[in-house]
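For the protein sequence lines, the chains are A and B, in the order given.
Anchor point for the first sequence: position 87 equals 86 in numbering that gives the first Met the number 0, and the numbering is continuous, going up by one each time.
Anchor point for the second sequence: position 71 equals 70 in numbering that gives the first Met the number 0, and the numbering is continuous, going up by one each time.
Misleading hints may appear alongside valid ones.
Across the chosen pairs, the derived CB separations fall in these ranges [unchecked claim]: (1) A/Leu87 x B/Thr67: 19 to 29 Å; (2) A/Ile13 x B/Gly36: 36 to 46 Å; (3) B/His79 x A/Gln66: 36 to 46 Å; (4) B/Lys91 x A/Glu58: 19 to 29 Å; (5) B/Glu58 x A/Pro14: 22 to 32 Å.
List time: in silico DSS-like cross-link candidates among lysine-lysine, alpha-carbon distance up to 27 Å [what the hints assert, rightly or not]: (6) B/Lys3 x B/Lys35; (7) B/Lys85 x A/Lys3; (8) A/Lys85 x B/Lys3; (9) B/Lys19 x A/Lys91; (10) A/Lys19 x A/Lys85.
Per the computed footprint, the stretches of chain A lying under chain B, defined by three or more beta-carbons under 8 Å from a beta-carbon of chain B, are [claimed, not checked]: (11) 63-77; (12) 80-90.
Calculated from the structure, these hints are not laboratory results.
Glycine residues also receive a C-beta, built at the ideal position from the N, C-alpha and C atoms.
2 protein chains.
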Amino acid sequence: MNFKLSNIIPKEIIPGYHAKMVHGENMSLAFWDVEKGAEVPAHSHMHEQIMHVLEGSFEFTLSGVSQTYESGDLVLIPSHAVHGGKALTACKLLDVFSPVREEYK
Amino acid sequence: MNFKLSNIIPKEIIPGYHAKMVHGENMSLAFWDVEKGAEVPAHSHMHEQIMHVLEGSFEFTLSGVSQTYESGDLVLIPSHAVHGGKALTACKLLDVFSPVREEYK
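Let's have the full structure, built from the sequences with the hints guiding it.
The following block contains the structure:
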């Protein structure tokens, strides 16, 4: 099965966070366009997550520690770790999750 | 834990395929720089894989069907599906695997 990112309709999962999603059997990819200033409140989930900043400047807090990430940065978010963030500029992010984020389908 | 792609030392996993790897508990990301003309022979593995073409033109054969993929294209490769490919130009690819590719560590 194949996909073109340009053909995937984005969903606004939380205000200012627009995701194009690709789901496999064991993992989900979320390509985010994030509006400047948009915040994702601290939360956690059983899914392991790897966040990759593609463009922009994203302030991210993992287990209470905040840091600013930019293009080329990756953060490994263990299962159940509390995390949240704020787009300091408009951002493009890629999140990879395992297992699948069923609620994003 | 966090990483900068620019700080990761690439490994040439097969000739012409240079990967910067990030491993979690349940998944591995491989950021490939592929030399023009480099081929990966048909193979299979138990890991599910999602291939994402970042740059270039990559001829990919999945379960006997060949197609050329370019920037923005994604291919879902089910567990145990036979696949291989050839870089028609120099390419940048991202592969996501679950579970972890232990042999790439």
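Structure-based check of each hint:
1. Checked against the given bound of 19 to 29 Å, the beta carbons of A/Leu87 and B/Thr67, roughly 38 Å apart, lie outside it.
2. Checked against the given bound of 36 to 46 Å, the beta carbons of A/Ile13 and B/Gly36, roughly 44 Å apart, stay inside it.
3. Checked against the hint of 36 to 46 Å, the pair B/His79 and A/Gln66 passes, with Cβ atoms roughly 39 Å apart.
4. At about 27 Å, the CB distance of B/Lys91 to A/Glu58 agrees with the hint of 19 to 29 Å.
5. Taken as a hint, the range 22 to 32 Å is violated for the pair B/Glu58 and A/Pro14, whose Cβ atoms sit roughly 41 Å apart.
6. Under the criterion of a C-alpha separation no larger than 27 Å, the hint pairing B/Lys3 with B/Lys35 is consistent with the structure, at around 25 Å.
7. Taking the CA atoms of B/Lys85 and A/Lys3, the gap is about 19 Å. The hint holds against a cut of 27 Å.
8. Between A/Lys85 and B/Lys3, the direct Cα distance comes to roughly 19 Å. Compliance with the 27 Å bound is thereby established for this hinted pair.
9. For the suggested pair B/Lys19 and A/Lys91, the alpha carbons sit about 20 Å apart, so the restraint of at most 27 Å is met.
10. At most 27 Å may separate the alpha-carbon atoms for a hinted pair to count; A/Lys19 and A/Lys85 meet this at roughly 19 Å.
11. Counting residues of the stretch 63-77 of chain A whose C-beta lies closer than 8 Å to any C-beta of chain B gives 8; at least three are required, and the coverage claim holds.
12. Only residues whose beta carbon comes within less than 8 Å of a beta carbon in chain B count, and the stretch 80-90 of chain A has 0; fewer than three means the coverage is violated.
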